[in-house]
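Participant: Kindly produce the complete structure, drawing on both the sequences and the hints.
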Amino acid sequence: MTSSSRVPAAAPDSAGFRPGRRLLRWAWIAVAAIPVAFVAGMAIGEGLISLQGYNGGDAVPPGVVALAAGPALLVVLAPEVAAAVLGFRARARGEARGLIPAVIGVVAAAFTILTNTLPLLLRLG
Numbered sequence: 002m003t004s005s006s007r008v009p010a011a012a013p014d015s016a017g018f019r020p021g022r023r024l025l026r027w028a029w030i031a032v033a034a035i036p037v038a039f040v041a042g043m044a045i046g047e048g049l050i051s052l053q054g055y056n057g058g059d060a061v062p063p064g065v066v067a068l069a070a071g072p073a074l075l076v077v078l079a080p081e082v083a084a085a086v087l088g089f090r091a092r093a094r095g096e097a098r099g100l101i102p103a104v105i106g107v108v109a110a111a112f113t114i115l116t117n118t119l120p121l122l123l124r125l126g
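Numbering (this note's numbering), first residue to last: 2 to 126.
FYI, nobody ran anything at the bench for these hints, they're computed from the structure. Everything numeric in this text was worked out from a predicted model, so none of it was measured. Ideal placement from N, C-alpha and C gives every residue a C-beta, glycine not left out. It is possible that part of the hints are untrue.
[Stated by the list, open to error] Here are the simulated distance ranges between beta carbons:
#1 104 - 7: 35 to 45 Å
#2 115 - 41: 37 to 47 Å
#3 119 - 60: 33 to 43 Å
#4 48 - 108: 25 to 35 Å
Facilitator: Structure, rendered in structure tokens:
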């Protein structure tokens, strides 16, 4: 006779392992990187404007501002988007607290886009 004894699978929380926990940690690291990315983006933007031959006091044409703003916005938006994506993924994998860094990332990204593109668009119009 053969007996088939099945060992029950361990519950996800039994050994302290939760699939969304690592994602939540990375989401909070991305939130902490937002101010650093802001400072880096400002330095990159100002550096790119000065590389094109304009000072801070000069009237800078919109095309020059757009060329400098593109890479600077990418640097600033990277941790904001990462916080949102990782936070929502953590929430989807059972870590309900992932919603907090996700919302912080979405709000920060929306604020960054609005404050950096509206003045440019208003200047063009």
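Participant: Would you mind marking each hint as holding or not holding in the structure?
Facilitator: How the hints compare with the structure:
no. : hint                 : verdict
1   : 104 - 7: 35 to 45 Å  : holds, 42 Å
2   : 115 - 41: 37 to 47 Å : violated, 20 Å
3   : 119 - 60: 33 to 43 Å : violated, 19 Å
4   : 48 - 108: 25 to 35 Å : holds, 27 Å
When each numbered hint is compared with the structure, violations occur for hints 2, 3.
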